[in-house]
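Engineer: Chain residues, written in single-letter form:
Number of protein chains: 2
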Amino acid sequence: ALKERGLKVTVVEMLPQILPAMLDLDMANIVKEILEQKGLSILTEKRVEEILGEDKATGVIAGEEQLNADILLSAFGVRANTKLASEANIELGETRAIKTNARMETNIKDIFAAGDCAEVPNLITHKPSCSQLGTIAVRQGKVAGTNAGGGYSLFQGVLGSAVTKLFDTEVGSTGLTVNAAKKARIETVTGTINSKTRADYYPGAKPIKIKLVVEKESHHLIGAQIIGGEEVTQRINAISFAIQKHMTISELAKADTAYAPPLSETWEPIILAAEIVLRKLQ
Amino acid sequence: ALKERGLKVTVVEMLPQILPAMLDLDMANIVKEILEQKGLSILTEKRVEEILGEDKATGVIAGEEQLNADILLSAFGVRANTKLASEANIELGETRAIKTNARMETNIKDIFAAGDCAEVPNLITHKPSCSQLGTIAVRQGKVAGTNAGGGYSLFQGVLGSAVTKLFDTEVGSTGLTVNAAKKARIETVTGTINSKTRADYYPGAKPIKIKLVVEKESHHLIGAQIIGGEEVTQRINAISFAIQKHMTISELAKADTAYAPPLSETWEPIILAAEIVLRKLQ
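So the sequence lines, in the order shown, correspond to chains Y and A.
In terms of my numbering, the first sequence has 217 at position 217, counting the first letter as 1, and numbering is strictly consecutive.
In terms of my numbering, the second sequence has 236 at position 236, counting the first letter as 1, and numbering is strictly consecutive.
Hints may contain errors.
Just so you know, same-sequence chains aren't split out, so a pair can sit in one copy or run between any two.
As the list claims (entries may be wrong) - DSBU-like mimics (lysine-lysine), calculated; alpha carbons at most 35 Å apart, straight line:
{"#": "1", "residue 1": "K209", "residue 2": "K109"}
{"#": "2", "residue 1": "K245", "residue 2": "K182"}
{"#": "3", "residue 1": "K254", "residue 2": "K8"}
{"#": "4", "residue 1": "K127", "residue 2": "K56"}
{"#": "5", "residue 1": "K99", "residue 2": "K3"}
{"#": "6", "residue 1": "K183", "residue 2": "K245"}
{"#": "7", "residue 1": "K209", "residue 2": "K56"}
{"#": "8", "residue 1": "K8", "residue 2": "K216"}
{"#": "9", "residue 1": "K182", "residue 2": "K165"}
{"#": "10", "residue 1": "K56", "residue 2": "K254"}
These are calculated hints, taken from the structure and not from any lab test.
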């Protein structure tokens, strides 16, 4: 948004890649290139070591470089604010967010937690996670509200489906990245495809890149990352549904999809990516 | 396309509705209204009784009306051309298309059938169907080719996911309509929602209408019909995956979806439609 307003923008990222919760390094580098082509400067593996200026910030020291700036925006990640809960003796979980059961109850009777401060299990690893997405917060709120009001509802866990728009590029993710799977000690096989969002000959067809992450032993789909010019969000939702219902990669490779030249390719790119994984597994 | 080239177009349809394979009457009437707003004239429940003219068609008699025309386009449905198969003593099925097993084999050894002439089971009803969609044909071709080449592959059946673009409106369908379910003696409950394709306040948000069809006893999702200004195809694919994996409507109502204001609503319309079905089932 700042770039679109004509400002010169430099992003300083401590990690080796941007969007680490959504993308693996290979996919993140593609997004980085797209942003650089739009004129952003992105420095990875650089820490902001010092903020310069007296009354007003005038720049930062990052790595060994001095970056002068008129505006300094800090975004150092999100952490659950659990002060109120701690003071009320409500138990926190291993992610330092509020521990809840499947009904979103805390350890104190009649006290429920929902949203960015609440810990919930990941649907694939079953380990506690703190997703801090609006979609998850509203779902948790509904479950907590139903239970608090005397009803019965269970929160089933988080896949972390998310999407964002960077200039004209849509970037989406669901389930585990290869990196997140590795941390959970899950062995994976991936398939990545470059395709188009409409029939190749159709005016307006835009590029789309899909990476599928599959659990090696069970052949279950466990994640996807998509970068494309359009139609990314609903592909993420489609893969989210498939993950939730334990679809195997061979089931996905044969799944029924809709086709019309102005709207899609005959072979849906998700299906083509599934074929690539299958070939690696054979 | 003819209308877009400036011609005055009248559609004569024998059935009470347009797009009967894709939509129920309620949804078809919405598409009809959209087409009429674009200036098309659509006559339903009217048979073309006579084609007028001598050297050249000059019009038709439909119902009791005479419609004069410079161009006459006939589209009286599609039927499998099985002449070659019949002559070769290849067995036909109850849809009058070529009978095949799950490997796309006919009753004659080493002879396979695929595409518009081949009969395959519907994934929900398990009854023979003849889907005649390009997407299905390519999938059947792949299975037939793999088996003919000495490999092993099964065709899993058809949901009939399809999408089309009429002016600026996208119309999609997967699984069974209420009407098709009734013919298969399946009792259904439906949920229909009007929503937007992006956050309501976001410029460019377009209307979308989703109808879900659910099997009453099992609560399994068995079909969907969508009419919208954009992002219809991948929603159809998402629901197709859910149907294939026997997702129940309560699982769908809690499914993890992706959200960003320029790309979607916080509550995905598919999820809202699922909530409506759930309320009817309670």
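Engineer: All hints, please: hold or fail.
Structural biologist: Cross-check of the supplied hints:
Taking the closest pair of Cα atoms, K209 and K109 never come within 35 Å of each other, the shortest separation being 48 Å inside a single copy and 41 Å across copies. Proximity of K245 to K182 under the C-alpha cut-off of 35 Å is found in both arrangements, the shortest distances being 22 Å within a copy and 27 Å between copies. In this assembly of identical chains, the alpha carbons of K254 and K8 never lie at most 35 Å apart, being 47 Å within a copy and 42 Å across copies at closest. When the C-alpha separation of K127 and K56 is checked against a cutoff of 35 Å, the pair qualifies neither within a copy, at 43 Å, nor between copies, at 73 Å.
Taking CA atoms no more than 35 Å apart as the test, K99 paired with K3 passes in neither setting, with 40 Å inside one copy and 61 Å between copies. When the C-alpha separation of K183 and K245 is checked against a cutoff of 35 Å, the pair qualifies both within a copy, at 23 Å, and between copies, at 28 Å. When the C-alpha separation of K209 and K56 is checked against a cutoff of 35 Å, the pair qualifies neither within a copy, at 43 Å, nor between copies, at 51 Å. For the homomeric pair K8 and K216, neither the shortest alpha-carbon distance inside one copy (44 Å) nor that between copies (58 Å) is at most 35 Å.
Proximity of K182 and K165 under a CA criterion of 35 Å is satisfied intra-copy only: 27 Å inside one chain copy versus 43 Å between copies. Taking the closest pair of Cα atoms, K56 and K254 never come within 35 Å of each other, the shortest separation being 59 Å inside a single copy and 47 Å across copies.
Checked against the numbered hints above, the structure violates hints 1, 3, 4, 5, 7, 8 and 10; every other hint is satisfied.
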